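Chains as they are written, first to last, in the numbering used here: chain Y, 136 to 461; chain W, 136 to 461.
FYI, nobody ran anything at the bench for these hints, they're computed from the structure.
There could be a bad hint or two in this list.
For identical chains, the list gives no copy identity; a pair is met inside one copy or between any two copies.
[To be verified] Calculated cross-link-like contacts (lysine to any residue; reagent style SDA-like; alpha-carbon spacing at most 25 Å):
hint, residue 1, residue 2
1, K333, I345
2, K333, G140
3, K191, L165
4, K200, S303
5, K434, V207
6, K191, R209
7, K333, S347
8, K200, A430
9, K434, Q266
10, K138, A212
11, K333, A350
12, K138, Q458
13, K333, A366
For clarity, every value in this text was computed on a predicted model and none was experimentally measured.
Protein chains: 2
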Amino acid sequence: MPKPGGASAVAHPNIAFIKYWGNRDHLLRLPANGSLSMNLGSLKTQTTVEFDRQLKTEQLRINDKDALPEQVKRVSAFLDIVRQMAGIEHFARVDSQNNFPSGSGIASSSSAFAALALAATRAVGLDLSEQALSRLARRGSGSASRSVPAGFVEWRAANTDEDSYGSSIAPAGHWALEDCIAIVSEEHKAIGSSQGHKLADSSPLQAARIASAEARLATCRQAILQRDFAALAQVTELDNHLMHAVMMTSRPPLLYWQAASVAVMHAVNDWRAAGTPACYTLDAGPNVHVICEAASADKVATQLSEIPGVVRILRSGLGGAVQSLD
Amino acid sequence: MPKPGGASAVAHPNIAFIKYWGNRDHLLRLPANGSLSMNLGSLKTQTTVEFDRQLKTEQLRINDKDALPEQVKRVSAFLDIVRQMAGIEHFARVDSQNNFPSGSGIASSSSAFAALALAATRAVGLDLSEQALSRLARRGSGSASRSVPAGFVEWRAANTDEDSYGSSIAPAGHWALEDCIAIVSEEHKAIGSSQGHKLADSSPLQAARIASAEARLATCRQAILQRDFAALAQVTELDNHLMHAVMMTSRPPLLYWQAASVAVMHAVNDWRAAGTPACYTLDAGPNVHVICEAASADKVATQLSEIPGVVRILRSGLGGAVQSLD
């Protein structure tokens, strides 16, 4: 039954050490390979959903603006799954707010669909398990499956909807890492992730990336569990390069890196060679996530802000699970 | 018999559309895949070699300076092959001059070993066929095999020394292309190509790059023979990204791109989208070779020089074969 007044939830975006790029099933968003990320506690999406029999269409506002038609379409398709689960047909009023810029390589869709999954299911009176909620969030955006559980989260690849969900491998407090995000552009990217995933198989390199992903997942999992920064840095940068290699060799090619992105990459490598525990990774956009140990984060953020082309720095430590605000 | 006064030769470096990266045999420099390039007529290496029984060691000067010990070692190893062919044991006096900066992604070793191969064999009184000279030059630097014949040159992969050499697929006059080289750094690169080739197999992507190389070679050969710039641009940039993908995912990773390299890459893509026949490719260094139709070269060079981080532009049209100066 729709809950009067609706329901609200808040979720954190995540940044992946081992990347998700390409699907074995685009409709179900079953990923080509497993991935591993950490939630970013300072960055948030807060979403309220109210199903209302009076509504004649879906109503979606993002950051206090009416959403674009393609955004409404994507959210409606997602809410159709929730309506089917609940056996209702009402349209919904959805209001979503980010405290960070969207569409520039900070995975706003991860927190957006994690928060939407929880708010929408609560708004229809459903109380899903974490696993079921992660599976549902995945249907809206693959990486959203990793924003449902807390802390360090692994999303295993699987051949069925039932088996593909995120689970926490360590809580937020396990390791004091920080993500200093060097913002080099706040423009929306030309080709978003959902379209990009469909191009992955057009690269001659995707099969090799996938074939070697399980080994990197194991290395990364162990590096996190053992708090081994050097190992984490090496596998994170390698996996990042592998994903961007696939992107830039797909048809059409996707070259998300900008000049300043590469300047940051070289600087981070120089700093690490000089002893600072920092490494980089980029999502489908030009901004560079510089992961470092929290004790070095002030220094890293200051140095990043001095690199030409870096507009500003966003900072975040680890984050918890998606939360209901009711 | 050593020729009194020695012998001189001049050769042009080349820029590859389909790249050489990795060997099936490092000692013989038998490449993992075939490659295709054009010689750059305005850029030259001129080399004089004189074998002299009075000498107690090899003497090598490059650009009017005594060469570094590792350069002497590499040249000596190459001259050993020539001495063996000629049945002599004299050391040689070698003087080599480039009219362009070396070690920054302009393949100075290609022209250097092509000129050295011709000058050294003439200096011992040998007169090799083009094929034999290309095979010999290959032993000094793989890409030098492509600087021996004229114009557009293909170097076929092969399993034996006898079968791996460059041959011209079209003369210099076949197609009026120009290479506008955006110099973003004149520093010597940290890891040179010879070392880099040995790292290629440490990338999880090298096998996939090699497996798909023959198809790209065929596409590129046809694009050149038909003077189809759009097809040449697409396959050249794809192949470039594939090589750099292997480089940046090898252990240790080789990230030759600098910030300004990426700025140039985006600019060239924008220009081409707007109708200018131009595309980019980079060798093992940060400088960007912008290949364009000669009619557009003035405009391209001017626009390149306005990109922040571009220090200067070198320009060259097609070049002929290695030439004896005697």
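Evaluated hints:
| no. | hint | in the structure |
| --- | --- | --- |
| 1 | K333 - I345 | both (15 Å within a copy, 24 Å between copies) |
| 2 | K333 - G140 | neither (38 Å within a copy, 65 Å between copies) |
| 3 | K191 - L165 | neither (32 Å within a copy, 70 Å between copies) |
| 4 | K200 - S303 | neither (34 Å within a copy, 61 Å between copies) |
| 5 | K434 - V207 | neither (41 Å within a copy, 44 Å between copies) |
| 6 | K191 - R209 | within (17 Å within a copy, 78 Å between copies) |
| 7 | K333 - S347 | both (20 Å within a copy, 21 Å between copies) |
| 8 | K200 - A430 | neither (38 Å within a copy, 48 Å between copies) |
| 9 | K434 - Q266 | neither (38 Å within a copy, 58 Å between copies) |
| 10 | K138 - A212 | within (20 Å within a copy, 82 Å between copies) |
| 11 | K333 - A350 | both (24 Å within a copy, 23 Å between copies) |
| 12 | K138 - Q458 | within (17 Å within a copy, 86 Å between copies) |
| 13 | K333 - A366 | between (31 Å within a copy, 23 Å between copies) |
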